[in-house]
Every structure is written in structure tokens, then in C-alpha cells.
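With the hints as constraints, model all of the structure from the sequences given.
Here the protein sequences come in this chain order: D and V. In this text, residue positions in the first sequence follow this note's numbering: the first is 1, and each later residue adds one. In this text, residue positions in the second sequence follow this note's numbering: the first is 1, and each later residue adds one.
Heads up, some of the hints might be wrong.
Cross-link-like lysine-lysine pairs, in silico, DSSO-like; alpha carbons within 30 Å at most [unchecked claim]:
hint, chain 1, residue 1, chain 2, residue 2
1, D, K82, D, K126
2, D, K303, D, K545
3, V, K124, D, K82
4, V, K124, D, K11
5, D, K11, V, K126
6, D, K82, V, K126
Keep in mind that the hints were calculated from the coordinates and are not lab data. All figures in this text were calculated on a predicted structure; none of them were measured in a lab.
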Amino acid sequence: MNPLLSIRDLKVDFPSQNGPVRAVDGVNLDLFPGETLAIVGESGSGKSTTAHAVVNLLPGSGFVSGGSILFDGQELVGATEKDLEHIRGRQIGFVPQDPMANLNPVWSVGFQVEEAIRANGVATGKKEVRAAAIDVLRRAGLSDAEVRLKQFPHQFSGGMRQRVLIGIGLAANPKLLIADEPTSALDVTVQRTILDHLDELTRDTGTSVILITHDLGLAAERAEKLVVMYRGKVVEAGPSRDILQNPLHPYTQRLVAAAPSLASRRLSSGITKTAGGADFDLTAVAAKRETRIAGSDTIISVKNVSKTFTIRGGGFKSTPFTAVDDVSLDITRGTTKALVGESGSGKTTVARMLLGLESVSAGEILIDGKNVAGLRPKELFSLRGRMQPVFQDPFGSLDPLRNIAHTISEPLETHKVGTRAERTARVRELLDQVSLPWSISSRYPGELSGGQRQRVAIARALALKPEIVVLDEAVSALDVLVQAQILELLTELQDELSLTYLFITHDLAVVRVIADEVVVMNQGRIVESGRTSDIFDHPEQEYTKNLLDAIPGANIRLGASLS
Amino acid sequence: MFGYIVRRLLQAIPVFLGTTLLIYYMVFAMPGDPIVALFGDKAVNPAVLEQLRARYHLDQPFIVQYLIYIGGILRGDFGTSFSGQPVGTILAQTFPVTIRLATLALLFEMIVGVGVGLISGLRKGKFFDASALAVSLIFLSLPIFVIAFVFQFFFAIKLGWAKPTVSGEAGWGELILPAIVLATISIAYIIRLTRASVIETADQDFVRTAYSKGLSRRRVIQVHILRNSLIPVVTFLAVDFGVLLVGATVTEGIFNVPGVGRTLYQAIIRGEGPTVVSFVTVMVLIYLVVNLLTDLLYAALDPRIRYGK
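Pasting the structure below:
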């Protein structure tokens, strides 16, 4: 059998002021009809670039500088734009990464689906095209497709938009579907439904799939074959389970050790030994953390707290919306409490109320016995010095116009701590604590990587020597390896400085390695809470079980070589 | 949506009262007695003076004069100019001319500005783009009267393609040259605005997705890039139309166009209070309406924007 897609020695360059930068360097891969292949790697590894090169949709000024891409007997490198138009959509479908940015906001969803149908000759004539669009959306899992056609993308949730994009990708029954991180922006449970659906659709039609992902667990679960990329090169390729159970290349070994989903699996199966060559091993991090709870007092006490927002309706009508409904939880000094739930579960609202950024509608939040709501501005100000946040987006939470030293010392200036020289010394100390070199202090956020930025954000949070740090999805936007580094750093800092963490996340795999106790939230209410190991090993509620099952790679048995 | 429009119209009332009061006061505070000025060098009979003062309510306190004036406007009476012509008649004569001129200018802005801007944006950094940027910079930095005189001299006098000045009728054909002059600065700005907008849109993820669907380049440009890029441009054009409608003093002066701008200028020079205030009042009203229409247009173009909650 001939491969459907055969890439040989592919090279992709991006021109820069210092000459071309090679993003993909000599990649080879074969994909047979009906097969699913996953390309795994961190951001900048060239995995997306490789996929984009296949349909010649490289971003910016990137270009293929060598090699060959043979699709169904046709050479795609150097093919004319006209030929490619016929291949795109009709023969190679494409599902992009970010469902929020990939639908045109000014056209209705129906228009955008119909456009794909018409361009690929699936149907002609107004009525037929409309019928085909409804069919495409139905197959993609939007049951009320007829009504939905007239709506605009901003009226859709992320999961629904991704379904639309999958529908568009598969509209013309292509032979190959390229899915570029199709679910990275979505909640785990939504991710699972969408990937299940994708599996089903492509299995029925015998469509080959290239799945691009940074999540090793997800790749292994969904694809028969795995290609691991690192700095533009393929470092390892072969059957998924083999690679996961017996990673040969040091980079793959690090990836396996650092993947929270896999670390969680190892924790539950009682395997704690690290794979050789791994820099970060989350299993070890988690093992360090066991019994800390006993013997400490309660620092934060949230009692029957509710939050109601008013949503404006048409005219003078408005409807109350309860974002947080009668939530109670206690956090023990020096421990980590994880608040878990899908988007819209109210977890971030709880954190915002705790930080005093949002008022409390009912109930009370006590910190060291004092009610946060009753504080005068001055008291709130000093409380904020003891309680610091770290947010999800390291790009958005640092001021691009302030250098790093300035950023870190800002809380010190605000709270008038120390002299200028003392503040500089404190910045130096903080940089050291988060393992950043002093030389970075005069640089600006734009010059740093995502991981470095998050370290800066943590250093800033620690500047005032707080007792409580609220981490709102603080590692969700990071690559696995960087994520592991930051998690390790957080655990070390907790030990050193006896910090109390409120860790908000939608990623249960991360919770397992970092949290002492877990609170699971759904639609504003607490579903279940308890010690991390209890919740993971014996979840009582259906909702928690679903969340746990949805962790990618949850059902993969890890082989003997890791133990 | 309906509630939003009503609210906006209600908001217009204080704006209308405030602006007219301000303008009325400024005209009132202008130095010199308008009645005396009316007689020029001739000596004025005090009895006649008193009579005229009473007729124009000039003997009343300021606020009473203002209220009488506003009352007249609400009844559709804009007052009488010193030459004895009803101001309403002058408005009816000059506004159609300015509307014709503004419409022509807007057409040029749309065709040339958007067209050149689109090509520039799609060929970023190429020769066409560089030349368009250079030319637009020249036009942006020239004062309009320089452009007006150069165009008048070159196209009307040297080449004889148009008449250098406009006749009293001010028909469509005669207004083409002044309209081009009037449009030039906005065109330069629109080229830059469209170009920047096109470059930004072309880089969006949904454009790549549109290509990945198998759409032709032509369709992607028309349906996805151009449509999205035009949102800021169209709103600028709408506001600019409002600016054009309230007249272009310099251009109308140079080409002798009997429009709003020139008439208002002459009224200011002559110290004709009622004419000035009435013209400005109408301009304020037009501006308010155009602004409201712009906001509604914006919502129509971008489905994410919905007014009236």
C-alpha cells in the first residue's frame, strides 16, 4: 500500500534580519490511508509549521526551502496556487487551533459553512447548499443546526465553534484531515467529546488524520503513530504506546516525565521511579508533598459565600445570575488547595472575591478570622500585601513598558517597603528564588519566553513576602516542560517560605501533583471536596468521575521500563 | 435598538441647547453695534436706531433674546438676515449645493481611498505601496488652499478640463474639481487607514482558515479581508461626510462655490448674528444626526456590536 502523504527531508525557513531561520529541518514522515498520526512537541518545535507547509499556508513570510511533500501521488512543494485551491478543503481538510480566532466575526456561521460547501463543489443551488450545511453541522454535533446557521460566532461557545470548524474541515469528505491543536483551548470534558466525535467521523469515512498537539497523553490516546519533534527535527517516531512506554530519545524521556497527565497515572499506580535522563519528574515533586496538613491552623475560611451578577436583558428587564452559590471551604496554613472546574463553574469568581476584587453577595470570607468584606480601604490595602495573585496569561499580566526589575519592585514601592537599595537587594533575592539570572532585570517582558514571564509574575507576587498566593490558572498557558519547571518551583517555594496556595485550574492532572486538597466546582456549587488522593482514587460524584476520565491518557497503561 | 435611538435623540437635546446658547452668546458678545454697522458711514437717526433695535429684540436682555430666537427655530422660523432675506431661504439655497459637493467628495474618497489602500495593504512593502504612502504623505502635509490653487491652476487654467470657478447654479459637473480638492486630504488618510486595516486583517487566523477551506484568493480578499477591514474605514467616512456637509470654507471660497461654508464665512465677516447662529444650529443638528447614523452603521457592519443591550 502506498502512503497517502509522504514527506521527505522537508525544510521550512523564515527570513529574518540575521539570515533565514530554519523552523523545520529535514522532516520525514509517512501517513497511510485511514491512519491517525500525532505530531508532538513544545511550542516552537516546528510541529504546526510542518502541518501548515503541507497545505502551503505558512504564516507570514515562511517558505519551504527544500524537500518534497507527496500527497496521493501529487507533489505539493512548488504546486501552483490554483492546484492547491483544489486540494485544500476537497482533499485535505484543516481544523485550526484557536476556535475563537478562526471564524470570521462579521459573517454568520451558516455563511461560513456554506462558503466551504460551495467552494468545494459539495452542493450547488441555494437550497441544496443550505441543506448540506445543516447536515455538516449536525454531523459535527450541533443538533439545532437549522437555528444556529443564522447566528454569529460570538454567540457560540468555544466548544461549539470548534465543532463548526471541524464540520468545515470535513465538509467535503477530504482524504486527509489536519487538526492543529484542535482542543487546546477547551475544557477537558469538552475536549473529550470533541475528540471522540472526530474519531467517529474519521473512522466512518476512512479519513487519515494528522493530529498536532503538545499533550503527550492525548497523542498516545488518539493516534496509532507518534512523531516527536524538537527544534525542527523529528527526534523519535513510531507506534504511540512503544514511544510512551519506552522513550529512547532524552527529549522524549523528559516529555514523558514532565507530562502531568502521565505523572498522575504513575502516582495512582504507585510508580515513583523516574525515567533516565529526565530533568523534571513530577511524580517526585508530588511524593515530596504528602502529609503536610496535620497540625496547622486555618488561614482562610470561606463561609456560605454566594455571588450574584445582574445580566441586563432587553429594555428595563434584567435577570440575576448566580455565579457562586453557597460555597464554603477552609484552607490550612502552608498547604495547597486546588479549586477545579470547567469554565463557567465559578472558580475564578471565588478567587476574585477572596482577593477583594469582587464584592460578596452573601456569606463571609475570613482571613485569619477577619472578614474581608468589612475591611476599610486601609486594612484591605495591608491585607493585599499579605495575599498576592498570579494570573494565567504571562503576556497580559506584565506591563510591556516596565523592565523586569521595575515590575518586581512595584509592589514594594506601592507598599513603601524599604529604601531604594533595599528594594534592589530584594529584587535580586527574588530573581534568585525563581531561578532567573540578575542580568534579566533590565530587560522587558517582550524579550522573555512564556516560562520566564511566569517566573517574573511569581517573583512579583512574592515581593511582599505574602502568606497567601492565589494562582489562577497559573500554569495553563505553558508548555509541558515549562509547566513542570514552574510546578516544581512552586512546591520548592512553598516548602521554603511556608506559603499557602489557592490553586485554580481546569486541569485535573496538574492538581494531582501539586495540591493537598481539592474542591471540585460545577455551576457555582461545590460538587465534592477532600484530600487529593481520596478524590482521585475514590471519586464519589458522577461529575468528578467524568472530569477524571477526561484527562487525556488516563487509560494508558505505562510500561515496565518507566518503573 | 429602538430604545437606543430614542435615548440618543434625547441626549441630542441638551447638546443642541448648549451649543446654540454658546454660539448665540459669542455672536452677542461680538464687538460693535450691528445696527450702526448696517448704516456704514452714514449717520443714524436715533429714532430709527431704537425702532430697529426693538424689531430685532436687541433692546432685550441676552437670555430673553436667546429664548425668543429658540422659540422661532422651533416654529421653523430662522429669523431674517440684515438684508431682509429670511435665513430659512438662504439655508434652502446653500445647503443643496454643499450636499452635492459633499456627496461627490465622498465618492472620490471611497473609490480612490479604499481602492489604493486595499492594493497597498495586499502588496505591503512593494513598489506600489511605497509610492502610495509617499504620495499620501505629500497630500497630508499640504494645506488645502495650496492643493486648491495648484489644482485650479493646473486642471482648469492650463489644461482647461474644468472651469476655474463655479457658477451660481453650481451643478454636478462644475463641482467635480472642487470635490476632488476637498477629498484629497481625506483620501490620503483613508489610504493609510485602509492599508493598516487590511494588513492587520490579512494576518488573522480566520483568513488562513478561509484559504484552508479551498476558497480562491479573490474570494478571500473580497469576502473576508476587505469586508472586515472596511469597518473602521466606513465609520471614518461617515464622520467625514458629516464634516463635509457642514461646509468647506476654504475650498468653497477659492472655487466660488455658493455653499454653506462660503455663506457662513461672509455672514461672520458682516457680523450678521441671526444668519451665523441659524447656520451653526443647522450644522450642529446635521452633525448629531450623522453621528447617530455612524454608530448605527457600525452596529450593522459588526454583528458583535449591539446597542440597547
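So, going through the hints one by one against the coordinates:
1. In summary, the hint linking K82 (chain D) to K126 (chain D) is supported, as the alpha carbons are separated by about 25 Å, within the 30 Å threshold.
2. With a C-alpha separation of about 26 Å, the suggested pairing of K303 (chain D) with K545 (chain D) holds against the 30 Å cut-off.
3. Under the criterion of a C-alpha separation no larger than 30 Å, the hint pairing K124 (chain V) with K82 (chain D) is consistent with the structure, at around 22 Å.
4. Taking the CA atoms of K124 (chain V) and K11 (chain D), the gap is about 26 Å. The hint holds against a cut of 30 Å.
5. Restraint check for K11 (chain D) and K126 (chain V): the C-alpha separation of about 26 Å stays at or below 30 Å, so the hint holds.
6. For the proposed pair K82 (chain D) and K126 (chain V), the alpha carbon gap of about 23 Å is at most 30 Å, so the pair holds.
In summary, this structure violates none of the numbered hints.
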